[in-house]
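This note's numbering applies: residue 48 is where the sequence shown begins, and numbers increase by one.
None of these hints come from the bench; they were simulated from the model.
Some hints here could point you the wrong way.
[As the list claims (entries may be wrong)] FRET-style restraints, in silico, Cβ to Cβ:
#1 K86 to R125: 17 to 23 angstroms
#2 E69 to A109: 16 to 22 angstroms
#3 G93 to A50: 40 to 46 angstroms
#4 R110 to R133: 32 to 38 angstroms
#5 R110 to A50: 18 to 24 angstroms
#6 A55 to A105: 32 to 38 angstroms
#7 I95 to D70: 32 to 38 angstroms
Backbone N, C-alpha and C define an ideal beta-carbon position, used for all residues, glycine too.
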Amino acid sequence: MTAVSTVAVQIRGREFRLKTDEDEQSLQRVARYLDETMKGVEQRTGTIDSLDVATLTALNLAREVVRQRGGGGAPPSRRLRALTDRVEAALADAGDPPA
């Protein structure tokens, strides 16, 4: 059985503590990618509302996933769904109302 640990990541200047059974470096790499993608969305669109930025970023990343799958639009893998669930739970736990 894989041990579960708590990993702190920084996304858009906020710290999120995530429970994971994956290695910390992998999760940090994913968080950096998300942070960079969100920053790019902010710069390209001029959007400052955190919910809007997160939604636009999610659309961009979902498009990447669909392209990687050959454009088939198949449902996300269990692993991707689990990661999405973790991020949504972390955001809900943060209790940060939309800006």
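- Query: Among the hints numbered above, which are violated by the structure, and what are their numbers in rising order?
  - Reply: Hint check: 1, 4, 5 and 6 fail, others pass.
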